[in-house]
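With these hints in hand, go ahead and build the complete structure from the sequences.
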Amino acid sequence: MGLKEYFKSSKAEARKTPAQKETDKKIEKNVLDAAKEFARDRDNELKRSLRITRFALFFSSASAAAMAVALAVMAPLKTTEPFLLRVDKTTGYTDVITPFSQDAGTYDEAVSRYFLTRYLENREGYEWYTIQNMLNTVELMSSSQVFAEYNNMIHGPLSPLYKLKKSYKILVRVQSITFLDENTVQGRFVKAITDPDGKPAPGYTPTQWIATIKFVWLKDKISTEAERQINPFGLDVLSYRVDPEVVK
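Under UniProt numbering, the first residue of the sequence shown is numbered 1, with each subsequent residue one higher.
In short, the hints are calculated from the structure, not lab data. All C-beta atoms in this analysis are idealised placements derived from N, C-alpha and C, irrespective of residue type, glycine included. Just so you know, not all the hints are guaranteed correct.
Computed beta-carbon distance windows for the label pairs [to be verified]:
hint	residue 1	residue 2	range
1	K219	N136	14 to 24 Å
2	M153	V216	14 to 24 Å
3	M67	V216	44 to 54 Å
4	T207	Y129	17 to 27 Å
5	V242	P157	17 to 27 Å
6	A226	V246	35 to 45 Å
7	E121	W217	31 to 41 Å
8	T212	M67	42 to 52 Å
9	L218	E121	15 to 25 Å
10	A110	A201	16 to 26 Å
Taking lysine-lysine pairs in the DSSO-like style, the calculated list, with each CA pair at most 27 Å apart, reads [to be verified]:
hint	residue 1	residue 2
11	K191	K165
12	K199	K166
13	K163	K191
14	K199	K221
15	K214	K191
16	K165	K214
Right, dumping it as structure tokens:
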């Protein structure tokens, strides 16, 4: 503003009446209040936008964390466990072979399968020079009643002791041990009669059998180191039944 304009404005201001000056003050105050209100509204809007942004970021982070936890929890449920189906070419019998793992259930079953396989090999097998050791093993792994049945058979008139003597032996090949429940299994095995050199005996064909075995583990069953070397965990067979497997 030039000097001339300034004096002109000052003269105009001086000529105003008190009422006009009061009106000008009100107008100026209203303009100032409006400017303050605008600034306050804008500040509130910025704060509101900031709160919304923070909430959105927090919600997104929480959702991402929840999704990560859900995926971590669900991941084991989607694990694929490989397995094999084993089919016997002669009988058509099918069983499932699962991979060995280190969990307690599978480990216990593996131990049970091992000693039950040894039990079947000794109870159903025969060899003239080792029959006493086989009988001792069966006795050590059986209840008194179950062993009595075996003892009567091995000393009976149909025993391989009298039928096969030194000329032949019975070889047992256990094909599978399948759990029916925690303490009951079915063992499938093949019995073959051979000469002392392991050659198939003429006139005898291999036969297939299924044994159903009920068993427990008894810590107090073993009392000597010699017994512990044969049956370290105290396998005790409570019942034993064997049936020929039907060949299809």
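Here is how each hint holds up against the structure:
Look at K219 against N136: about 20 Å separates their beta carbons, and that is inside 14 to 24 Å. Distance hint check: the CB atoms of M153 and V216 are about 23 Å apart, consistent with the given range 14 to 24 Å. For M67 paired with V216, a C-beta distance near 48 Å keeps the hint of 44 to 54 Å intact. With their beta carbons about 23 Å apart, T207 and Y129 fall inside the hinted range of 17 to 27 Å.
At about 19 Å, the CB distance of V242 to P157 agrees with the hint of 17 to 27 Å. A hinted range of 35 to 45 Å for the beta carbons of A226 and V246 is consistent with their spacing of about 41 Å. Between E121 and W217 the Cβ separation comes to about 19 Å, which falls outside the hinted range of 31 to 41 Å. The hint said 42 to 52 Å for the Cβ distance between T212 and M67, and at roughly 50 Å that hint holds.
Checking the proposed 15 to 25 Å range against L218 and E121 shows it holds: the Cβ atoms sit about 21 Å from each other. For A110 paired with A201, a C-beta distance near 34 Å fails the hint of 16 to 26 Å. Using a Cα cut-off of 27 Å, the hinted pair K191 and K165 holds, with the two alpha carbons roughly 17 Å apart. A hinted pair counts as satisfied when its Cα atoms are at most 27 Å apart, and K199 with K166 qualifies at roughly 14 Å.
A threshold of 27 Å between alpha carbons decides the hint, and for K163 with K191 the separation of about 16 Å falls inside it, so the pair holds. A threshold of 27 Å between alpha carbons decides the hint, and for K199 with K221 the separation of about 38 Å lies outside it, so the pair is violated. Restraint check: the Cα-Cα separation between K214 and K191 comes to about 21 Å, which is no more than 27 Å; the hinted pair holds. Of the supplied pair hints, the one linking K165 and K214 is violated, its CA atoms being roughly 31 Å apart against a limit of 27 Å.
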